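A.B. asks: Here are the chains, one letter per residue:
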Amino acid sequence: MANNGNTPDKGFFLPIWQLFVSVKLTVVVLLVIAATAAVGTVIPQNQPDLFYRMNFSQITYAIGSVLDLFDMYHSLWFQALILVLAINIVACSIDRLQKVWKIVFPDKITFSPGSFTKKNTTDPITVSGTPETLKTPFEKELKRHCRITRLSPTSNGFYLFGENGRKSRLGVYVVHFSVLLLLCGTLISSITGFEGQVNIPEGGKAGVITLRNSSQEKPLDFEIRCDDFEVLFYDSGRPKKYRSTLSIIDNGKAVLTKDILVNKPMHYKGISIFQSSYGAADVENAKLSFTSRESGMTYHKTLSLGESVTLPEELGTFTLEQFTDNYMFMNKHSLGQALIGHMKNGETEQKVVLPLRFERFDKMRQNARTVITIEELDRTFYTGLQVRKDPGVPVVYASFILIIAGIYITFFMSHQRFCVHARQEKNQTSFTVSAKSNKNQITARKKAEMIGSALEQNALNK
Amino acid sequence: MTSSFVLSITTFIYGLAVILYAAGVSFKRELPAKAATITTWIAVLANLAGILLRWLESHQLGYGHAPLTNLYESLIFFAFATGVVYLGLEIKFKTRGLGAAAVLISFIALAYASLGKGMDQEIQPLIPALQSNWLSAHVMTCFLGYAAFAIAFGISVVYLIVADQVTEDDTAGGPATSGIYSLLPPADVLEELIYQTVVFGFFFLSMGIITGAVWANTAWGRYWGWDPKETWSLITWFVYATMLHVRLMRNWTGKRIAWFAIAGFAAVLFTYFGVNLLPGLHSYQ
Ligand code: HEM
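Residue numbers (numbering that gives the first Met the number 0), protein chains in the order written: chain A, 0 to 461; chain B, 0 to 284.
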C-alpha cells in the first residue's frame with residue numbers, strides 16, 4: 000500500500016485536480032494549520048476589543064484585526080484551510096479507492112507463487128508421507144490460521160495458499176472518511192446548535208437564556224426551576240462539589256427533576272444543562288450583633304430583609320433594607336457584597352453598610368451609639384447553568400469511534416498472504432512456507448514460521 | 000513507607016538500569032544488558048507500587064482518587080508508561096541496545112518529579128471538574144502516547160549518531176557491528192523502530208485527544224474549545240500525522256524521519272510543559 004503512490008510531482012502547471020490528489024498538499028496544509036493554530040494559543044482569543052487596544056500597539060492591533068487573529072479559529076481563512084484538507088481527502092479517495100476496491104473485492108481471488116520472495120520463506124521442512132496424503136490435513140490445518148485457502152496441485156506436489164485481512168486495506172479510508180464525518184459533525188454543531196448561560200436563584204425559574212456569542216436572549220421551549228443549590232468545600236477551602244437540583248417545567252407541569260453536578264449534566268428535549276458557576280443571590284435572614292458603645296453590652300438579633308428591630312438602652316431602631324451584590328463606597332471603592340440598612344434614633348437617621356468581606360467596617364460609622372457586625376447569614380444562592388443544544392454530538396462521537404477503529408485497522412492489521420509449497424522427495428515431503436504482507440513484514444514472516452511448525456506437528460501426529 | 004520514598008528509590012533503580020544498559024553497549028557484553036533488563040523490570044514494578052501507594056494514601060486522606068491529577072503525578076505515570084512501553088519494545092523486537100536511551104527518559108522524569116523546583120507533591124482533593132472517570136482514561140491514554148513518542152525520540156537520537164557511523168563503515172543497511180554499537184540493531188531496523196513506536200504513540204494520542212473531548216463535553220458542555228492545551232495536542236497530532244504520510248506516501252526514510260520524530264517530541268513537550276505558561280483550563284497549577 001505504501002509503494003503504489005501515483006502522486007504527480009513533475010512540473011508546476013498541475014491541473015487543479017492533480018493538486019488536490021497530491022499528498023504534498025496534505026503535508027503542506029497540515030503543517031500550515033499546525034503553525035497557525037499555534038499562533039492562536041499565544042494571542043489570547045475572543046477577548047473584548049478593549050483588551051487588544053490596550054495591549055497591542057496600533058499597528059499590531061490593525062494587522063491583528065484585518066487577519067482576524069483575535070478570533071482566528073473561526074476566521075474564514077482558517078476554515079478555508081480545513082476545507083482544503085477535506086477536499087484533499089475526498090479527491091484522493093475518489094482517485095485511489097477504485098483501485099483498492101478492486102483488490103479488496105476481486106471477482107475471483109487468485110494467487111501466484113512467483114509473487115512470494117525468498118527472503119520471507121522458511122527453511123524447508125521434511126515430513127513423512129506423500130503430498131497426496133498430506134493435502135487434506137494440511138489444508139484443514141491452514142484453515143485454522145487463514146480465513147481463505149486455495150489448493151493448487153503441481154506435477155510433484157502442491158501449492159497451498161492462505162490469506163487474511165484483505166479488507167484491512169480499507170482502514171485508511173475508514174480514517175479519512177471519519178475525519179470528514181468529524182468535520183460534518185462540527186459543522187452541524189455550529190449551524191444548528193446554540194450555547195447560552197442562565198443564572199437561576201434557588202426557588203426561582205427561568206425560560207430564557209443569554210447566548211454566549213451574541214449576548215442575545217433566547218427563549219427555551221420549557222422552563223428550568225432551581226429547587227436547591229448546594230456548594231461543599233474541602234477543609235483547605237477548595238471547592239468539592241456544586242450540586243443543583245433542577246426541575247423541568249414543560250407546559251406548566253414539572254416533568255423531570257434531577258440533581259446535576261459538574262460532570263453530570265442533565266438532558267431534556269435535545270438540550271443539555273451543565274453546572275457551570277454559582278453565586279450568592281440574596282439573603283433571607285441575617286443574624287446581627289449590636290454592641291453599645293456606652294455600656295459595651297452586645298445584643299443579638301435575627302432579621303429578615305425589610306424587618307426592623309428596636310434596641311434596648313434607647314440605642315435606636317434598626318431596619319435591614321437590602322442585600323446588594325456590589326456596594327460602591329463613596330462611589331469609588333468596590334466593597335463587594337454587602338447588607339444595607341438604616342438606624343433611626345429620634346430625628347436622626349443613619350445609613351448602615353455591612354460589607355461581608357470587612358467585618359469591622361461599621362466601627363467607622365461616626366456619631367453612632369452602636370457597632371453592628373454580621374454574625375451569620377442565611378443566604379440563597381443562584382446556580383449558574385450552561386445550556387446547550389448540540390445536534391452534532393452524536394455525529395462527532397460516531398466519528399471518534401470510527402477514527403480509533405480505523406487507525407487500529409490501518410496500523411495494526413495487515414493483508415497477509417501465505418504460500419505452502421510441498422514437493423515429493425522419495426517417500427517423504429519437503430515443504431516451505433512463504434509470507435507476503437502489505438506491511439509489518441516481520442510479523443508476517445513470524446507467522447509463516449508458526450504455520451510451518453504447526454504443519455510439521457500435524458504431519459507428525461498422523 | 001510513603002509513596003514518595005518508594006518513588007525516590009525507584010529513581011535510583013532506573014538510574015542503575017541506564018548505567019547497566021550503557022555498559023552493555025560500551026563493552027559489547029550481553030551480561031550487563033541482561034542485568035539491565037531485570038533492573039528495569041524491578042524499577043517499573045517499584046514505580047507501579049509507588050503509584051498504587053499514593054492512591055492508597057489519597058484514600059486515607061479521604062479523597063480517594065487515582066493519582067493522575069497534577070504535574071507531579073503525571074510525571075510519575077509518564078516514567079512508568081515509558082518503562083512499560085520500552086519493555087514491550089524490548090520483548091517484541093528482541094534488542095537490548097536501546098535501553099539506555101529509553102530508560103534514561105524514565106529516570107529524568109522521576110528525578111524531575113522528586114527534585115524539580117516548586118514541584119507540588121501534596122495530595123490534593125479534586126475540584127469538581129476533575130471528578131470524572133474520563134479524566135483517568137484521558138490522562139492514561141495521553142501519557143502512553145507521550146511515552147511512546149519519548150522513546151521514538153530517544154531512538155531517533157541514537158539513530159542520528161549511529162547512521163553516520165554505519166555509512167563511514169560502508170555497511171549501510173547491514174548490521175552495525177563495528178565500533179561500540181554491536182548491541183544495537185542495524186540502522187534500517189532502528190528506523191523501522193522509530194516508525195513503529197510513533198505509530199503506537201499516534202494511536203494512543205488519538206485516544207487521548209478523543210477521551211479528552213468526551214470529558215470536556217460532560218464537564219463544560221463542549222467537546223472542543225480551542226483551549227491552548229487542546230490546540231497543542233492537536234498540533235502534535237498533526238505533526239505526527241504528517242510524518243506518517245510522508246513516510247507512507249512519499250517514501251521518506253532515514254534521517255528525515257528521525258528529525259520528524261524529534262520535532263514531534265518537541266511539540267509533545269510544549270503540550271506538556273509549555274502550555275502551563277499560557278492561560279487556560281488545563282494548566283496544572
Ligand atoms: C487529518 C487529516 C488527514 C488528511 C487531510 C489526510 C490526507 C491524506 C491523503 C490526501 C492521502 C493520499 C491519498 C490516499 O491514499 O487516499 C492520505 C494517505 C494516507 N493517510 Fe491520510 N489524511 C489525514 C489523516 C490521516 C490519519 C489520521 C491517518 C492515520 C491512520 C492517515 C493515514 C493515511 C495512510 C496510511 C495513507 C496511505 C494510504 C495508502 O497507502 O494508500 N491519514 N492521507
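Keep in mind the hints are simulated off the structure, nothing from the lab.
Here the structure is a predicted model, which means the values were calculated and not measured.
Glycine included, C-beta positions come from ideal geometry on N, C-alpha and C.
Please note: incorrect hints may appear among the correct ones.
Just some of the chain B residues that point at chain A, by a computed CB distance under 10 Å [what the hints assert, rightly or not]:
1) T36
2) F199
3) I209
4) T241
5) W258
A.B. asks: Against each hint, give a clear statement of whether it holds in the structure.
C.D. replies: Cross-check of the supplied hints:
1. T36: Hint on B:T36: violated, closest Cβ of chain A at ~21 Å, above 10 Å.
2. F199: holds, 8 Å
3. I209: holds, 5 Å
4. T241: holds, 5 Å
5. W258: violated, 14 Å
Of the numbered hints stated above, those contradicted by the structure are hints 1 and 5, listed in ascending order.
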